[in-house]
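There are 6 protein chains.
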Amino acid sequence: MPHDVITFGEAMIRLAPPHFQRLEQARSLDVEIGGAELNTAAGLARLGRSAAWVSRLPDNPLGKLVANRAREAGVSDEHVVYTDDSRCGLYFLEFGAAPRASGIVYDRRDSAAARVSPGVFDWPAIFRGARWFHVTGITAALSPGAADTVREALAAAHEAGLPTSIDLNYRSKLWSKEDAGRVMGDLLKYCRVLVASEGDADQLFGITGTDFADVARQFIDRFGVRAVVGVKRETPLVWRNRFGAVGYTEGRFVESPWYEVEIVDRLGAGDALASGLIHGLLDGDFEKGITYGAAMGALKHTIPGDIPWMTKEEIEAVLAGHGLRIRR
Amino acid sequence: MPHDVITFGEAMIRLAPPHFQRLEQARSLDVEIGGAELNTAAGLARLGRSAAWVSRLPDNPLGKLVANRAREAGVSDEHVVYTDDSRCGLYFLEFGAAPRASGIVYDRRDSAAARVSPGVFDWPAIFRGARWFHVTGITAALSPGAADTVREALAAAHEAGLPTSIDLNYRSKLWSKEDAGRVMGDLLKYCRVLVASEGDADQLFGITGTDFADVARQFIDRFGVRAVVGVKRETPLVWRNRFGAVGYTEGRFVESPWYEVEIVDRLGAGDALASGLIHGLLDGDFEKGITYGAAMGALKHTIPGDIPWMTKEEIEAVLAGHGLRIRR
Amino acid sequence: MPHDVITFGEAMIRLAPPHFQRLEQARSLDVEIGGAELNTAAGLARLGRSAAWVSRLPDNPLGKLVANRAREAGVSDEHVVYTDDSRCGLYFLEFGAAPRASGIVYDRRDSAAARVSPGVFDWPAIFRGARWFHVTGITAALSPGAADTVREALAAAHEAGLPTSIDLNYRSKLWSKEDAGRVMGDLLKYCRVLVASEGDADQLFGITGTDFADVARQFIDRFGVRAVVGVKRETPLVWRNRFGAVGYTEGRFVESPWYEVEIVDRLGAGDALASGLIHGLLDGDFEKGITYGAAMGALKHTIPGDIPWMTKEEIEAVLAGHGLRIRR
Amino acid sequence: MPHDVITFGEAMIRLAPPHFQRLEQARSLDVEIGGAELNTAAGLARLGRSAAWVSRLPDNPLGKLVANRAREAGVSDEHVVYTDDSRCGLYFLEFGAAPRASGIVYDRRDSAAARVSPGVFDWPAIFRGARWFHVTGITAALSPGAADTVREALAAAHEAGLPTSIDLNYRSKLWSKEDAGRVMGDLLKYCRVLVASEGDADQLFGITGTDFADVARQFIDRFGVRAVVGVKRETPLVWRNRFGAVGYTEGRFVESPWYEVEIVDRLGAGDALASGLIHGLLDGDFEKGITYGAAMGALKHTIPGDIPWMTKEEIEAVLAGHGLRIRR
Amino acid sequence: MPHDVITFGEAMIRLAPPHFQRLEQARSLDVEIGGAELNTAAGLARLGRSAAWVSRLPDNPLGKLVANRAREAGVSDEHVVYTDDSRCGLYFLEFGAAPRASGIVYDRRDSAAARVSPGVFDWPAIFRGARWFHVTGITAALSPGAADTVREALAAAHEAGLPTSIDLNYRSKLWSKEDAGRVMGDLLKYCRVLVASEGDADQLFGITGTDFADVARQFIDRFGVRAVVGVKRETPLVWRNRFGAVGYTEGRFVESPWYEVEIVDRLGAGDALASGLIHGLLDGDFEKGITYGAAMGALKHTIPGDIPWMTKEEIEAVLAGHGLRIRR
Amino acid sequence: MPHDVITFGEAMIRLAPPHFQRLEQARSLDVEIGGAELNTAAGLARLGRSAAWVSRLPDNPLGKLVANRAREAGVSDEHVVYTDDSRCGLYFLEFGAAPRASGIVYDRRDSAAARVSPGVFDWPAIFRGARWFHVTGITAALSPGAADTVREALAAAHEAGLPTSIDLNYRSKLWSKEDAGRVMGDLLKYCRVLVASEGDADQLFGITGTDFADVARQFIDRFGVRAVVGVKRETPLVWRNRFGAVGYTEGRFVESPWYEVEIVDRLGAGDALASGLIHGLLDGDFEKGITYGAAMGALKHTIPGDIPWMTKEEIEAVLAGHGLRIRR
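Protein sequence lines correspond, in order, to chains A, B, C, D, E and F. Residue numbers for the first sequence follow full-length UniProt numbering, beginning at 1 and rising by one. Residue numbers for the second sequence follow full-length UniProt numbering, beginning at 1 and rising by one. Residue numbers for the third sequence follow full-length UniProt numbering, beginning at 1 and rising by one. Residue numbers for the fourth sequence follow full-length UniProt numbering, beginning at 1 and rising by one. Residue numbers for the fifth sequence follow full-length UniProt numbering, beginning at 1 and rising by one. Residue numbers for the sixth sequence follow full-length UniProt numbering, beginning at 1 and rising by one.
Treat the hints as calculated values from the structure; they're not laboratory data. Be aware that a few hints might be false.
A pair counts as met if it fits within one copy or between any two copies, since identical chains are not told apart.
[Stated by the list, open to error] In silico EDC-like cross-links for lysine to aspartate or glutamate, where the CA-CA straight-line distance does not exceed 16 Å: (1) Lys-312 x Asp-59; (2) Lys-177 x Glu-198; (3) Lys-173 x Asp-85; (4) Lys-189 x Glu-152; (5) Lys-173 x Asp-84.
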């Protein structure tokens, strides 16, 4: 069955102590799953788009847990490949509070996804009937084999005439900015819509500008992408932020409202934004992409876990400016 | 044993996922009970007033759970009637966070309380020795039989010379504003003190005014109630509100201070306000009713569940303006 | 995408207090989903068979919760239909301990599944490419409309040449034995393989015999089914049982070993047995059906919830008589 | 409102680590309340008998917690007296498993109940309209003042013509066997029905016999009680026992069946037995007392906490020998 | 093995209902340990300083729980003395929310620590090789015997040439301000660095001043201490405060920045401040003491329990003004 | 400070879903720590022996969690070394029930302990003043570097005249029986007391015999160990076993009673046995070692987690044959 959107990347098991406990104190850990591209696929599924997530998982209960919960979130796991040779990526999350930021301990080395290599997936078959392909810089950062597989996928998408989006998502704990700049710069030639922060633009490509539009124009000029999208965020406290989306394409700068967010879970906001963005792009409507992306990113802050468990009605209530009173 | 106050209505089992989870994700649900009139009776019991709650429950463990916890909260269940013919009302609650409001899924149709009808309760016996009767528009909204039973109760209270209060509490998920306006308008002739919001006044009766006092005067003129009381609330965020009470009687407008509330549980604030109000009215002191009502309503936001588990000392600390430092 | 097996029935949200608490005492409820036909579909999915579950759910978070978790268990929900007109079936479960049996409070009246009626599902399309259809007497017991829809489905399966199995599963809380006997007797003409207990045989059809084979022969003679399968169980305690399967077809009586089971969750054992049975029948191997059915039924006792979350390896370890020592 | 039965004693907050954890490891403690006489009153309330529990509690949230939960269990707290001068009794419970017994750490010294003294309660008023008075040796063991208050209560009951039962319940952690023998021996003159184990009979009074009836006869001869009742128990494991009741009165030895019990919570079985016993005695039926007592004691093992949260239907199912299969 | 710092005082088991529940409602209690001097020792251990905590505990699982968790926090319990004659101090904590302050119910009377008396500890041996001794007014408040033991310890420290700090920490629930003033005034002659609030200065010693420095100068003049340190705090809400530290020594007033804190657990902030202070003082750097103390106190608000489970890196991130974005 | 016993090995974080859930279903995981040599050191600490555990941990919150809890259990971590180059070993545990065994998923590859190599520890300093050294085959199985480090440690112990014990503990998931036989055979020359099962004797060394004594004699003859100790166990069910210890030395066969165990947690029984064994051996009493070992092993089954949180009193109660009734 063809899917509207294909995404490719790792999903990890996330383990976080409840009730703001420190990891050192933990007697139990809450289990969620998360991975940028899976999160985005799930957001699209919540909007009624059919989405499949391509990945590689260990053939053990941990790998199956990830796939089970991907399906629970409405994402197809039919293109997930299992292996006996490696482990399931994990990350440990500790929630902070001002003046202490939240923290992450990654334990994802040698994961099944990191050990992927070209030839594992039959991309032409996977892309058959699809309408969009999305990947992030995190997948490329996992290992050289993973980066090569991203290139293989993007080339196959290009071959198939499939439009693509890439979220730079630079992770300094995974690779150096030099490596990231070199690899991602090479991949951008296959990218139609780029999601990038001004910070990443500077660190990876030395691109700085007077404002977001200026930075976007440089990406468009240098890499041939057609549009650039980013987050706007203010972080006065750990549990209260302001959030929105900005975008630039074809000479137009588009900006969502600012949303005041009471944060329940900070992870996955950018990935939810990508869901809304692709939702609009599938309709050929960049403005819709920015406004849905902003609303979905804002709403994601209110939902536990990395997956954007929201409804279309809730997104539309935010877009319509409905208030905060309980409905009854 | 006679009770100071009699209230009449449904109490439901409330099921809410913990830790801001979405209902769709829930693996466990926290169990509370709630019902506007039970909540108000419990608030009065916390103040040392003897209160009995009249209702109809299924004769199964769910019905008993409700009665057990009513007694735990200090409310007499001696006038509760059990039945085998129907179910226990339930509601499912999901906590939101800005920019997403909290949400409720009601599952209360065909509950034992909704299937009540005149003749079930011996109102003259129930009211013997009582000093006040309280009911809300929710009870009347449950079903035509329930509305008839409210009328029966109010008429019996009137017959017994018992003063009454009605909280309009319009619930759009239960009935239309037309039905609500017709039924409640008919019942208000038995009402001494009305609790109403300006919104409900407009929706149900088309009453609008320059301010709360203006609206109240119209209620007094049109329905013969002696006093009207309302909530004042600002909702900048889901978990931070400002709250207080206003009232009008005999030409006087009375207003509590604004209280800044850090919300633990938003439900039941209006019902707690009614407790404080009736507490003052039992002492013949309308101002006391407004100030106690406002303090109890504000405090209720800090207590999990619908029941106002506060102490008289805590209410008086709020009224005295004691600060927020821990006492030790 | 065609599925190996189609099942049809209701799935409910199951709410059970943790730690052997009584419902009356409950402060939280664990959430599982369960429904005989969904459970069987999930068991088949665990064996690598593609299975779709056909049902009707309310279009609210509770209905979605059920569908989410069906997908999590590997079952296709593509043929589930949503409605706004009714509620989600619930059941409340209390775990007992000797000398007290476990207990169930059903709250499933007027559920979306109970309000189903012929014409809702496009059975020919659903059955396209399928290899087996399974349903139980519980679906027929939900309402006359549901019984009619079961008949419609069975007739369509017959039309499509699809073999079928029916598990009698008489529930005295749902209908009288007279109604059950009449309706189920009528449906058995479409049934190839019947799952039935000797008790149900007697209560519904007045069929008694010297042993299981004798009862089975009467079913075969009277209703034209080709095989009859049943559970064997001893219940010395609530948390320790002995369990196995028996079957009769074409003159042969087949019996599994007895398994000593330490019970973690008593629900769904018969449905897991049906999974193993159909797994064998899909391979045209009745003995395999009995042995897999017995092992899966035994294993189900060790797994929380109604869904048989076991692996093929675990089933095979039971069949191979592997011991109880931890593997490391 | 007069109550059928009055009981008098301490109730403590019970704190136990979940999941078999050791107290030394505990990160959370489950909260129950328990006290022999409260437990017995609750058992009677479950049977539909009106019961009031007389005690003394601290006027703080811990004392109120105890009273709240007594009411939740259906017991009247109208005769509970509050004080500012002392604390709430606590006990810490650790669940064992063979070959390790469960253990208790008492922290009840200087509790509000232990500091009681004659004159605190208006016994003639409390006993007005009552039909039975029950107390245990634990209350007398709390302090000399408590022992004096038990004597005061028993004398007042005698004065009021109220029949009484005493459960010896010797606690070696509270007092010496010499003190217990002296004090309890003195109190037995007011006792109509004695609950005693053969072990306590020997330790406190040096009474030994060939069998329970022989011991009972000596109690009857020496102290003038009319009947003696005891537990029969086998303890092969911590979580599996055999349980029943024995009694002797007016030359007759009465014995219940043995019940095989899967233990959920070992505490309060004797107190539940006393509930069933008094239930029979209120009907003037000693055999009924023994059989109800045995069934209630057996059932109590299956219920978490000290309070016998069972139903009359469940007791009757045990008495009728219903099996252990789930009802559905 | 000699330790850098010795502290002396009681640690209690802290029992708090989860999720903002009221104690009256509690069905479980979270277990932490806390005691001002233990908290400070733990903070020093987190900084890499070797710290031993001197105390007296009951020889039962509760006492061992306290010692176990002290060791878990990196504090040496080698000088803890066990006794059979008394109990473990407890305190019950209820979290508030505006407009309701959090509350504490102490249950620490007759604890093993309160029953301490001179001669129990071999102070010269304990102090061998140590570099600092710290105690608070809470220890002196426990009982006259405890006050005498504090004096004994301070005199021994003086004898050994060990510098000392005292945190006044007046607790009105433990003793009168008159007693506190008399006893603490007498002890201050042994004190090098005093931690005191302006409120305590006034209540205990009648010392008031134009500002903190003025108050500090009076302490220096009157009692001969060399430095005075205090907290600065604003409490607009229960879960949002502003926090910092101030100090005065040798004519210099030193002040930390204000930190905006999102509070996870309000307890132990002052004790964490003392850790940072002593850390600086051990390096002979008063300014460092103030800045580390302020950062540690601020960070403590973000950590559940009384113990300052933070890392040196986190303290330094606060001092360096790192932001609140998650690191990944 | 010298320690009585030194042990060396890895400790992992153990993650297990609560309530018999499958890992695939898990929404939370309970956190324990475990490692054979740490468990044994903890058992010795519970008996009052000073014990230090030597290991290598990552310098992150997970590594610190392990060390924190080792100290909590009374074990010295002063010789633990931290590293930035590797991860913390993990294992995931799923509890079974008959007919399904419990299962373990190891995720310990490339752990800090596995990457150890000779030269990391200063064994002569660590062994100074010590009286016993204990290690298991698991440490040698971690990696060739770990095996070399075990050899280094054993040689240093030999040099220091320190008696040693080795528990073979063959783990087929870590290495082949050939590798294990070769490496362990080489190490046994340094071993005074061997703990081995008959199964491991056969698999690793091809040693079979008529009974345990026969096998032991062959070990003594072939490797020069002085004594051999083993477990005796029957496994009729997952949650009920029979357990005891056997030993052979200097021509004597010693055997403990069989203990009937109700299992709370199956892990760590052999390690607890080693604690009791070494406890006896430190007193030069082999029989005491066997009897304490058997009692501690039996008791360990009743305690959650891998660590033997038992008391000397409990061990002695088992040895004295005290019954299973609750003490009060």
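* Asked: Hint by hint, which ones does this structure get wrong, listed from lowest number up?
  -> Going through the list in order, the structure violates no hint and respects every one.
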